[in-house]
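There are 2 protein chains.
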Amino acid sequence: MTYCIGIKTKEGIIVASDSRTNAGFDNVNIYSKMFTYDVGDRTIIIVTSGNLGTSQAVYKSIEKDLNDKNVIKNLNTCEDFDQVAKYVGGLNIKHSSPKGINTDTVLLGSTFIVGGQIKGQPMELFLVYPQGNYIKPADSKPYLVIGEVKYGKPILDRVITPDVSIGDASRCALISMDSTLKSDLTVGPPIDFVVYKKDELKITSQKCLNLNDKEFSKVSGEWSEGILKIFNSFPRFDWEK
Amino acid sequence: MTYCIGIKTKEGIIVASDSRTNAGFDNVNIYSKMFTYDVGDRTIIIVTSGNLGTSQAVYKSIEKDLNDKNVIKNLNTCEDFDQVAKYVGGLNIKHSSPKGINTDTVLLGSTFIVGGQIKGQPMELFLVYPQGNYIKPADSKPYLVIGEVKYGKPILDRVITPDVSIGDASRCALISMDSTLKSDLTVGPPIDFVVYKKDELKITSQKCLNLNDKEFSKVSGEWSEGILKIFNSFPRFDWEK
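Protein sequences appear in the order of chains A and B. So that you can map any letter, position 241 of the first sequence is 285 in this note's numbering, and since no number is skipped, the others follow by simple counting. So that you can map any letter, position 112 of the second sequence is 156 in this note's numbering, and since no number is skipped, the others follow by simple counting.
Calculated directly from the structure, the hints in this document are not laboratory data. Honestly, I wouldn't trust all of these hints.
For chains that are exact copies, the list does not tell them apart, and a pair is met inside one copy or across any two.
As the list claims (entries may be wrong) - Within a straight-line C-alpha distance of at most 16 Å, the following computed EDC-like cross-link-like pairs (lysine to aspartate or glutamate) qualify:
1) K251 <-> D82
2) K54 <-> D243
3) K117 <-> E269
4) K285 <-> E168
Next up, chain A with everything else stripped away, as it sits in the complex:
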């Protein structure tokens, strides 16, 4: 399984993904699920959950198309993020429905979060489905999650508002990821973590965080301590001594 988060704040976009893959409980591995591209007038960040073969084939095709001078559509020729999402969706369908495979019994689909900015256009964040179609997050809850989405959702629902700062959104993404890591063995480190600030047209910060890395362990540790402080300050029930 997998857990990926994309958050769109007014100041920028945050994207995070875990690295654990498993083909059965006894076949666990580590692969990056993130693809980043910031060249020229555009910054594009993609993360994926679902069938690893399909996800890797899509990333490979994206790279191949970027290096192919005769290709009509690639990340550089897309005029806007709708076209980027449609392009990723098309590759997703292509690689998840190979001829001769019974796709009724084997799940080959993948899901993607695609975010970033093209010069002169607004920042965008899309969720691309295995069927190739895509959605934007609601303005009132400007985040998207894919994979094992339930454990980390409550903290996002409490903190991510349209006016959240990019710093708080980043810390919230790390806590959401940490909560999922702690409660679900199929989601694991390291965490690929990218911050893109609006109109910079290049990635502001890109890190591969392990549990003991300063940035991650500080947020995770202060969160755990902070929670206990809240518990200490709660009013007591009548039946408590």
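Using the hints provided, position chain B relative to the given structure of chain A.
Just chain B now, with coordinates in the frame of chain A:
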């Protein structure tokens, strides 16, 4: 769907359940999922998730058996909590496999959390499966959850330790319930909430909490405020201004 929590602390047991039932998205209703019994030498608290017909039939059978003087096994004749769990498991199997129904296509099973104490014995907490067998929670994580268990798990994993106080465990149960209510529409109020203190042999506190009830809204509100305070006190990233 449903969300129920049972926590066993050194000082006592906490059990909470939501009240939303749905037979399809457009057929939503409110039913209590809790059964309590504190008569004589024993206090028994039961909550349930799964097929509502089966759950209600089990509760009905428990009551019928209590009033039947010729019955061999009921909640009063069980010698210990293993027998209580086995008895509930037996009723569960009986009511979830009626003759003439194709149970391959219709899911009739229910799951139960059974907790409490019989005089002179230790407090107990069990999870009874649709198959009738049952487990205890691990000593290191003394809680059980059934139904929509993922949203509310991270806070339990961070707060519920073998040494947690019964007050903190109660507040944690309410926050875990609140997180699930906020993130999942299939879990809804009111919340049946029971506290049993060790060796009291009667229920210490039993409430049916609505969202605007003082006890629930205070914990939920202070939690939301406390979280934002933690966010304000976090160290900043290098890339933040």
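These are the hints, each one checked on the structure:
no., hint, in the structure
1, K251 <-> D82, "within (15 Å within a copy, 56 Å between copies)"
2, K54 <-> D243, "within (11 Å within a copy, 56 Å between copies)"
3, K117 <-> E269, "neither (50 Å within a copy, 48 Å between copies)"
4, K285 <-> E168, "neither (53 Å within a copy, 23 Å between copies)"
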